[in-house]
Amino acid sequence: MTETIERDSMQYDVVIVGAGPAGLSTAIKLKQLAEAAGREISVCVVEKGSEVGAHVLSGAVIDPKSLTELIPNWQELGAPLTRPVTEDRFLILSETGSRQMPTPPNFQNHGNYIISLGMLCRWLAEQAEGLGVEIYPGFAAAEVLYHADGSVKGIATGDMGIGKDGEPTADYAPGMELWGRQTVFAEGCRGSLSKQLIKQFALDKDSQPQTYGIGIKELWEVDPAQSKPGTVTHTAGWPMDNHTYGGSFLYHLDDNKVAVGFVVGLDYQNPYLSPFEEFQRFKTHPDIRPIFEGGRRIAYGARALVEGGLQSLPKLTFPGGVLVGDAAGFLNVPRIKGSHAAIKSGMLAAEAVFGVLDEVEEAETSGKEAAAYTALFQNSWLHDELHRARNIRPAFKWGLWPAMIYGAIDTYLFKGNAPWTLKHHGTDHASLKPAAQCQPIAYPKPDGKVSFDRLSSVFLSATNHEENQPAHLKLTRPEVAIETNLKTYASPETRYCPAGVYEIVEEESGPRLQINAQNCVHCKTCDIKDPTQNITWTCPEGSGGPNYAEM
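Under the UniProt record's numbering, think of the first position of the sequence shown as 1, with each following residue one higher.
Simulated from the structure, these hints should not be mistaken for laboratory data.
Mixed in with the good hints there might be a few duds.
Straight-line C-alpha distance at most 27 Å; calculated BS3-like pairs for lysine-lysine [claimed, not checked]:
1. K423 <-> K433
2. K205 <-> K397
3. K415 <-> K199
4. K397 <-> K433
5. K195 <-> K433
6. K205 <-> K195
7. K368 <-> K433
8. K423 <-> K199
9. K474 <-> K487
10. K199 <-> K368
11. K415 <-> K397
12. K449 <-> K65
Because the structure is a prediction, the values reported are computed rather than measured.
Could you build the full structure based on these sequences and the hints that come with them?
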């Protein structure tokens with residue numbers, strides 16, 4: 001931009017980035033604490049999605065434990081937890097068949113509910129607004145603001161109406177600065193600002209590298225004869241090989257709807273692997289295909305998820321703010337559950353943040369560290385749960401069957417309290433082997449009945465971005481995309497992206513990487529898996545991206 005325009009600012013006691021389960025639970029708990037203390041505090045939540053829930057994607061089966069702690073009368077208030085789990089199934093797939101296994105304790109869902117997490121977030125937003133929380137969807141937090149002493153002052157939302165050339169258009173509107181005595185980052189997995197803060201304050205210097213998976217999900221309306229409301233099925237094995245972490249879920253909701261998804265660990269080694277294609281191939285399995293034949297695919301989405309567990313959690317606090325939910329890494333990988341952990345982490349953070357607001361005068365609070373959050377977490381049931389689960393995911397670096405044998409020993413013999421903590425494999429981006437050392441994978445063509453292509457899938461995600469804006473996917477060095485990614489790794493970004501954002505275009509001058517940023521479903525996989533860490537995901541203009549209405 002050729003001209004700097006001064007931004008307006010607003011002051012709050014607490015600014016929260018992200019209206020997912022963690023951010024909204026933080027807001028609700030803060031207001032509850034203030035009401036109990038007879039105090040008034042101002043709480044603001046900004047959300048980059050066009051509405052609350054638009055960018056929320058999860059399986060989802062929820063353990064209601066933490067929701068009950070937060071809002072004990074949630075059933076009376078109409079929370080959208082209406083379909084309890086009635087049956088659990090765990091299958092090991094081969095290419096031609098399956099074997100039903102005893103359901104591991106982590107996959108037992110008695111007392112849990114099959115839900116749409118987006119619908120739950122919209123309900124949580126109603127509860128928060130009823131308590132006086134201000135929620136602003138469609139505003140992307142694009143920048144962290146700092147005090148002169150380096151502590152966090154708040155955030156700035158992104159400018160609107162910047163053209164592809166970087167210059168203001170006729171629709172230009174500058175972003176707003178939101179100053180908070182404390183700022184809570186609840187951006188979800190691989191949040192763009194959280195990533196910066198972890199580096200800025202070296203929050204991960206005492207933890208193992210974070211590891212991730214990509215989850216791809218579809219929502220179907222199936223033949224009533226195939227509908228089994230309350231049934232939860234998980235699978236492992238085919239189409240993954242024994243050295244690649246992955247598996248599926250099928251959750252039967254009401255109204256003949258089935259949520260189906262596939263998770264692939266982003267520590268996979270073969271650059272020819274495509275998580276999207278593996279998911280489509282999974283649905284052609286002879287025991288899976290009949291569920292969807294004759295049905296109708298309603299929605300599609302994809303999202304990275306944090307898999308590092310306890311040993312990969314960064315320091316949770318820094319001067320002026322905290323990390324909550326998936327932004328920090330609160331996910332129980334063996335249970336494939338993070339919503340209850342996100343809610344609980346938000347509640348614990350709220351207690352610590354409220355303590356800071358309560359202890360000192362307003363003029364002194366800016367930049368203070370809510371250090372009590374760490375101790376509150378360490379003394380909570382959430383820490384105990386993550387501690388007992390900590391060794392399951394890293395065991396998969398040995399392969400499927402050794403990991404399952406170890407998991408049984410860890411779960412049944414040690415009950416999660418083995419006198420050691422396994423280390424993860426390292427970083428996901430460094431796990432890719434050069435293409436010359438790997439075999440290409442021949443994926444079947446989509447049949448348009450149970451398997452589909454990327455572009456028709458992206459259409460079902462209702463993804464939309466303002467076309468005349470700078471690309472939000474940045475290459476640090478554009479030449480690396482060809483000189484290293486293409487020549488050494490056969491352009492893995494053209495396969496690990498579930499939305500067809502990246503493609504190699506052949507021109508007279510040679511190959512070129514084309515970035516179709518308008519297709520981006522904000523999964524963050526490219527930011528994580530790019531072998532040269534040359535791709536950085538930044539926030540596009542507010543309200544852009546997918547709209548997961550029912551997901």
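Checked hints:
Between K423 and K433, the direct Cα distance comes to roughly 20 Å. Compliance with the 27 Å bound is thereby established for this hinted pair. Between the alpha carbons of K205 and K397 the distance comes to roughly 23 Å, so the proposed pair stays at or under 27 Å and holds. The straight-line distance between the Cα atoms of K415 and K199 is roughly 35 Å, outside the 27 Å bound, and the hint therefore fails. Taking the CA atoms of K397 and K433, the gap is about 15 Å. The hint holds against a cut of 27 Å.
Note on K195 and K433: the hinted pairing holds, with a Cα-Cα distance of about 25 Å set against a maximum of 27 Å. A hinted pair counts as satisfied when its Cα atoms are at most 27 Å apart, and K205 with K195 qualifies at roughly 13 Å. Pair hint K368 plus K433 does not hold up; C-alpha atoms about 44 Å apart against a cutoff of 27 Å. For the hint linking K423 to K199, the alpha-carbon distance of about 21 Å falls within 27 Å, and the restraint holds.
The straight-line distance between the Cα atoms of K474 and K487 is roughly 20 Å, inside the 27 Å bound, and the hint therefore holds. Restraint check: the Cα-Cα separation between K199 and K368 comes to about 19 Å, which is no more than 27 Å; the hinted pair holds. For the hint linking K415 to K397, the alpha-carbon distance of about 21 Å falls within 27 Å, and the restraint holds. A threshold of 27 Å between alpha carbons decides the hint, and for K449 with K65 the separation of about 39 Å lies outside it, so the pair is violated.
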